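Keeping the supplied structure of chain C fixed, place chains R, S and G upon it in accordance with the hints.
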Amino acid sequence: MLNAIGWFLIYFGAFFLFLGALGIMRFPDVFNRLQAGTKCTTLGALSTSIGVGLLHPAWLPKTFIIALFILLTNPISSHALGRASYRSGVKLWEKSVVDKCKEFKECVEEENE
Amino acid sequence: MSSLILVVSAILVIFMIVGAVVTIHARDLLVAIIASAIVDLVLAVLFYILQAPDVAITQASIMGGLTTAIFLVVIKKTERYEQ
Amino acid sequence: MIKKAFALLLVIIIGIFLSATFARIPFGEPKTVVGKYYLDHGVKDLGGVNIVTSIVVLYRGFDTLGEVTVLFLAATGLGMVLAGLREKDEKKRKKTPPSLIMRTETKLLFPMTILFGAYIFIHGHLTPGGGFPGGVVIASAFLLMFLSHKKWEAKEKYTKVTEALAGMTYVVIGLIGLYVAGSFLENFLPKGVPGNLFSAGIIPLIYTAIGFKVGSELTGLLQNLRETTE
Amino acid sequence: MSWVIAIAIIVLGVVLTLIRAMLGPTAADRMVAVDSMTTITTALLVLLALYFKRYIYLDIALVYAVLAFVATLAVARYMEGGL
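Protein chains in written order, with my numbering: chain C, 1 to 113; chain R, 114 to 196; chain S, 197 to 426; chain G, 427 to 509.
Looking at chain C on its own, in the form it has when it is part of the complex:
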């Protein structure tokens, strides 16, 4: 039973990793790519590592720690990249509908520490 769940999680994760990579390849601009490249790959890497842990229950603590670190480090890197590319003047895709960052003051002006 545990075996079957583990294999299912591994295939699920591999599929989502592939989808994330496809999004990186096909999407038109930086922000769309960031979307695909962070959400899909986070879910995929999480479920793959947990699945490996379920196949080998003795490995579960370490794979859990790997999943935890992926969960902690991926959002911050994508946040930093998105903010940096917006501030460094990367243009949005011409068919983009909404630019929320332009409406808020603190996004454009300097933040206070």
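Please note: incorrect hints may appear among the correct ones.
What the hints assert, rightly or not - Label pairs and their in silico Cβ distance ranges:
id: 1; chain 1: R; residue 1: 120; chain 2: S; residue 2: 377; range: 49 to 57 Å
id: 2; chain 1: S; residue 1: 263; chain 2: R; residue 2: 195; range: 28 to 36 Å
id: 3; chain 1: S; residue 1: 310; chain 2: R; residue 2: 133; range: 29 to 37 Å
id: 4; chain 1: R; residue 1: 194; chain 2: S; residue 2: 390; range: 50 to 58 Å
Because the hints were derived from the structure by calculation, they are not lab data.
Please read all numbers here as calculations on a predicted model, not as lab measurements.
Here a beta-carbon is modelled for each residue, glycine too, at the ideal position from N, C-alpha and C.
Same frame as chain C, but now just chains R, S and G:
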């Protein structure tokens, strides 16, 4: 060493060579830094596949953050675009 | 054009010779007598499961001391070069401050990363890794804080003192080996059961010293680089 | 056989991100691709540890998960002018 591992390592070697060529020919030095980071990260995976975990862990840890940051400081001090 | 074709030809010839040479070396078998000796006797003699760290710390301990010294010299030289640059760049640039998310999250990740570095160098005789990667992970944790906090700094006196104490610990362990067991950096502690945490004699002690030394050296180097970009 | 399929799918993902990292028009595109590549590679390393049946190989995946984002953060801080 099974044929699966052989195919995977062949693909990775091809991408390492392409990354090295991009590193040499890029005019924007930030692109060159990113391409050399790709070469280093793929090299760590290759060491792992060839079953040298000590070398792989050293490569991944040094190339992960430190060298990229030091190169960035260097191009911050000098200039970003090559003449 | 003819120059490029000649270079390409040269690369192809070198590649053919190299591949022909490497094809005759069997994969994963010890070729030399020394390597065979290490693989056969290493675990029994020294008690460390990871044979690479046993070689680096015990069989070739003196070389490792030299490597640490080379790293120290490189960091000191860079510090001296950058000390000349520091007065020129007095003009204040306007920097973009780091965002709130970055500051909060790196504050959370900083102790965890340092703990992970300590794990790597303490388990050097059991798992891959050792003093150098552990020290680099610790320095990366400090780099994280440098990147995401404007005023946060590692004081130079603390890094220097840590580095000096760690280097002295390494040499003192070697001298104790000279006194007790008869030669410099000889193992003088009990070997223990291979595979336990408290085994392999002086390997964990030396790796702890190397980890502290490399970590504080690289942190001082990053701090120097940071002060010059102000 | 089930190994081959899982590893092949993930390696295909790595190849796609690497192609984007080589092609990408701006430096930000390349960095996004490298960031995703490190995450996908972490999963690949965990899976290969199971393939080789070596518990200690998980440490390298852990190093990748912890340290690979430091390079991304450094490049991001450089691009927004805060380094």
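> Of the hints stated earlier, which fail here?
Replying inline: Structure breaks no hint.
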